[in-house]
Amino acid sequence: MRRWVVALSLVMGCIPAVGLAAPLFSPSPDVGWIAWGNNFIPLPDGPQPVSNPPDKPFITGVIPDPYVPEPPEFERARLAAEPAYGTKMRIADLSNPILRPRTRDALKRFNEDTLAGKLIYSKQVSCWPIGTPGFLLYPVQPVFIVEGRSEVVMTWQNDHQVRRIYLDVPHGAHPKPSWYGDSVGHYEGDTLVVDTIGITTKAFVDNYHTPHSEQLHTIEKFHLIDGGNTLQVDLHVEDPVAFTAPWDAIQRYRRVEPGPMIETACAENNINPFHQPLEPMPESKTPDF
Numbered sequence: 001m002r003r004w005v006v007a008l009s010l011v012m013g014c015i016p017a018v019g020l021a022a023p024l025f026s027p028s029p030d031v032g033w034i035a036w037g038n039n040f041i042p043l044p045d046g047p048q049p050v051s052n053p054p055d056k057p058f059i060t061g062v063i064p065d066p067y068v069p070e071p072p073e074f075e076r077a078r079l080a081a082e083p084a085y086g087t088k089m090r091i092a093d094l095s096n097p098i099l100r101p102r103t104r105d106a107l108k109r110f111n112e113d114t115l116a117g118k119l120i121y122s123k124q125v126s127c128w129p130i131g132t133p134g135f136l137l138y139p140v141q142p143v144f145i146v147e148g149r150s151e152v153v154m155t156w157q158n159d160h161q162v163r164r165i166y167l168d169v170p171h172g173a174h175p176k177p178s179w180y181g182d183s184v185g186h187y188e189g190d191t192l193v194v195d196t197i198g199i200t201t202k203a204f205v206d207n208y209h210t211p212h213s214e215q216l217h218t219i220e221k222f223h224l225i226d227g228g229n230t231l232q233v234d235l236h237v238e239d240p241v242a243f244t245a246p247w248d249a250i251q252r253y254r255r256v257e258p259g260p261m262i263e264t265a266c267a268e269n270n271i272n273p274f275h276q277p278l279e280p281m282p283e284s285k286t287p288d289f
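Going by our numbering, 193 is the number at position 193 of the sequence shown; the sequence numbering is gapless.
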């Protein structure tokens with residue numbers, strides 16, 4: 001398992017479809033990307049993603065890095081982006097004007113469970129995929145990216161959740177809903193633009209358990225900043241059933257070199273010592289062949 005990224009890159013081809021000018025987000029199997037946090041970063045203006053109320057901002061705290069200490073410049077940037085006061089409870093701001101009534105009702109139930117003391121786990125805790133755009137919110141473990149001539153493969157190390165972006169092709173006529181949707185991409189200079197539809201409604205938009213409809217449509221723009229040490233994703237989200245208006249946010253990752261991807265399979269033993277609600281474990285009802 002440790003060298004599968006090398007084999008995959010050889011099969012796919014090391015040179016992207018647009019040639020050497022395309023960005024190499026992971027120029028070797030040793031390079032991965034760790035997300036800044038597991039909430040979307042809002043923009044200063046315009047419609048905002050779901051977040052905590054302004055008077056109770058969410059504070060993530062420092063998550064220990066399993067690979068290398070946090071560089072001082074990264075720590076300063078992260079701390080500058082975090083509020084000096086707030087709560088470590090994820091409570092959705094129900095006054096956000098982007099919320100349709102059905103979406104607000106779902107978030108109200110989420111808030112009630114949180115305030116009642118329930119630990120609201122994400123689907124990934126029970127070995128489910130997190131979906132799109134939630135893929136950008138996978139925490140702590142690195143994401144590895146392999147760019148090929150016809151597709152880009154993104155794999156989160158923990159549980160090896162795989163997302164495929166097919167290059168320079170249109171969407172399928174009637175894509176079957178799936179966790180990561182029908183993702184097609186192309187390069188615009190140094191930016192990988194990914195357009196996704198066909199995302200299953202079993203997935204949430206974020207870690208607030210924000211629901212969406214089958215009309216969810218996302219556009220992500222992956223590009224390097226900070227001299228190649230930071231990967232930024234500009235996210236655009238549209239869903240006229242769940243939201244009153246399209247909204248934008250960003251996610252950032254810092255580059256790490258932990259070595260080739262290691263095997264970290266999700267353990268199928270849903271132990272619940274705190275007696276809190278968990279998603280049921282994935283279970284196959286029909287044979288694969």
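Careful, some of the hints might be misleading.
[To be verified] Computed spacing ranges between beta-carbons, pair by pair:
| no. | residue 1 | residue 2 | range |
| --- | --- | --- | --- |
| 1 | 202 | 104 | 16 to 22 Å |
| 2 | 149 | 225 | 42 to 48 Å |
| 3 | 228 | 173 | 24 to 30 Å |
| 4 | 228 | 283 | 26 to 32 Å |
| 5 | 56 | 283 | 18 to 24 Å |
| 6 | 259 | 55 | 39 to 45 Å |
Everything labelled a hint here was simulated from the structure, so no lab data went into it. We put the CB at the ideal spot given by N, CA and C, even for glycine.
Each hint, compared with the structure:
1. 202 / 104: 16 to 22 Å: 20 Å, holds
2. 149 / 225: 42 to 48 Å: Cβ of residue 149 to Cβ of residue 225: about 26 Å, so the range 42 to 48 Å is violated.
3. 228 / 173: 24 to 30 Å: With a Cβ separation near 38 Å, residue 228 and residue 173 fall outside 24 to 30 Å, so the hint is violated.
4. 228 / 283: 26 to 32 Å: 42 Å, violated
5. 56 / 283: 18 to 24 Å: Violated: the Cβ-Cβ distance is about 37 Å, outside 18 to 24 Å.
6. 259 / 55: 39 to 45 Å: 44 Å, holds
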